[in-house]
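Construct the entire structure; sequences and hints are all you get.
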Amino acid sequence: MLQPLNTLALVEEDRPIWSEIASVQDEPDANEISCGTLNALVTAITSVKTLSTKHTVPTKASMKSGAGSSRAPVLLLLTDPAYEKAFLLTYQSFTTPFTLLEKFIQRYPLSSLSWLSSSSSSSLPLLLSLSKFP
Amino acid sequence: MWRACLLTYEVPPSVSPEDAAKVRLRVGMVLRKWIQEQFNDFDSALIAKVRE
Numbered sequence: 000m001l002q003p004l005n006t007l008a009l010v011e012e013d014r015p016i017w018s019e020i021a022s023v024q025d026e027p028d029a030n031e032i033s034c035g036t037l038n039a040l041v042t043a044i045t046s047v048k049t050l051s052t053k054h055t056v057p058t059k060a061s062m063k064s065g066a067g068s069s070r071a072p073v074l075l076l077l078t079d080p081a082y083e084k085a086f087l088l089t090y091q092s093f094t095t096p097f098t099l100l101e102k103f104i105q106r107y108p109l110s111s112l113s114w115l116s117s118s119s120s121s122s123l124p125l126l127l128s129l130s131k132f133p
Numbered sequence: 000m001w002r003a004c005l006l007t008y009e010v011p012p013s014v015s016p017e018d019a020a021k022v023r024l025r026v027g028m029v030l031r032k033w034i035q036e037q038f039n040d041f042d043s044a045l046i047a048k049v050r051e
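Chains A and B, in that order, give the protein sequences. Mapping the first sequence onto numbering that gives the first Met the number 0, position 51 (from 1) lands on 50, and the numbers just tick up by one. Mapping the second sequence onto numbering that gives the first Met the number 0, position 5 (from 1) lands on 4, and the numbers just tick up by one.
Hints in this document: simulated from the structure, not taken from any laboratory. Treat the hints with care, since some could be wrong.
Unchecked claim - Straight-line distance between alpha carbons at most 20 Å, and here's what the computed SDA-like set of lysine to any residue pairs gives:
| no. | chain 1 | residue 1 | chain 2 | residue 2 |
| --- | --- | --- | --- | --- |
| 1 | B | Lys48 | B | Leu30 |
| 2 | B | Lys32 | A | Pro96 |
| 3 | A | Lys84 | B | Leu30 |
| 4 | B | Lys32 | B | Arg50 |
| 5 | B | Lys32 | B | Ala20 |
| 6 | A | Lys84 | B | Glu36 |
| 7 | B | Lys32 | A | Pro80 |
| 8 | B | Lys32 | A | Phe86 |
| 9 | B | Lys48 | A | Gln91 |
| 10 | B | Lys32 | A | Val47 |
| 11 | B | Lys32 | A | Thr98 |
| 12 | B | Lys32 | A | Gln105 |
| 13 | B | Lys32 | A | Pro15 |
| 14 | B | Lys48 | A | Val47 |
| 15 | B | Lys48 | B | Val29 |
| 16 | A | Lys84 | A | Gly35 |
| 17 | B | Lys48 | B | Gln35 |
| 18 | A | Lys84 | B | Phe38 |
| 19 | B | Lys32 | A | Arg14 |
| 20 | B | Lys48 | B | Gly27 |
| 21 | A | Lys84 | A | Cys34 |
| 22 | B | Lys48 | A | Phe97 |
| 23 | A | Lys84 | B | Gly27 |
| 24 | B | Lys32 | A | Phe103 |
| 25 | A | Lys84 | B | Lys32 |
| 26 | B | Lys32 | A | Tyr82 |
| 27 | B | Lys32 | A | Leu87 |
| 28 | B | Lys48 | A | Tyr82 |
Here's what the structure looks like:
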């Protein structure tokens, strides 16, 4: 039996963004996207595959001495402006600004939460009791 | 319910802290571009959410 379209959209939007990603190496490349779920599109626009550490710049010490032989790796940010522009111009046809912001917040990794979510943590009973508050 | 909320923001263990920092940088950059180029999308509720 087919579900109503709005029900399907709600299910897709409610799915946590990190539940669809096993590792950053599995993230899609923005150049290959023709369609996808909202989570996949948000993942693509914030993909870290566009970051490279292959490029280097001269270090301060080598610039002072004039030798120029010592170089340090640098993060070169290679974004896809065309995809970003297309996404930001068209996202309102398939989602709302509020939902998109929620997805960006979900996408923002909070490593400090790891100690909260571990089942062996002694703070878990406290968290469970806090969850009973209205 | 609280645990479900935490799991929503939990990064898989396969994502290293270095990669997590890169993702944070990318999210910040896209948010900045969104605000700079499409500020009309932001109503008062959305601005309040960003400030949170």
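Run the distance test for lysine 48/B versus leucine 30/B: straight-line Cα separation, threshold 20 Å.
13 Å, holds
Within a Cα-Cα threshold of 20 Å, do lysine 84/A and glycine 35/A meet the stated pairing?
17 Å, holds
Is lysine 32/B within 20 Å of threonine 98/A, Cα to Cα?
Holds, at about 17 Å.
Given the hint that lysine 32/B pairs with proline 15/A, does the C-alpha gap stay at or below 20 Å?
23 Å, violated
Between the alpha carbons of lysine 32/B and arginine 50/B, is the straight-line distance 20 Å or under?
16 Å, holds
Assess, step by step, whether the Cα of lysine 84/A is no farther than 20 Å from the Cα of cysteine 34/A, and give holds or violated.
This hinted pair holds, its Cα atoms lying about 16 Å apart.
When you check the alpha-carbon spacing of lysine 84/A and glycine 27/B, does it fall within 20 Å?
16 Å, holds
Compare the distance between the alpha carbons of lysine 48/B and valine 29/B with 20 Å, and conclude whether the hinted pair is satisfied.
16 Å, holds
For the pair supplied as a hint, lysine 84/A and phenylalanine 38/B, confirm whether the alpha-carbon distance does not exceed 20 Å.
Given pair lysine 84/A, phenylalanine 38/B holds - Cα atoms ~14 Å apart, limit 20 Å.
With the threshold set at 20 Å, check whether the alpha-carbon distance from lysine 32/B to proline 80/A stays at or below it.
10 Å, holds
Taking only the CA atoms, is the gap from lysine 32/B to valine 47/A under or equal to 20 Å?
Measuring from Cα to Cα gives roughly 16 Å; hence the hint holds.
Run the distance test for lysine 32/B versus alanine 20/B: straight-line Cα separation, threshold 20 Å.
19 Å, holds
Hint compliance for this structure: hints 13, 14, 19, 28 are not met, and every other hint is.
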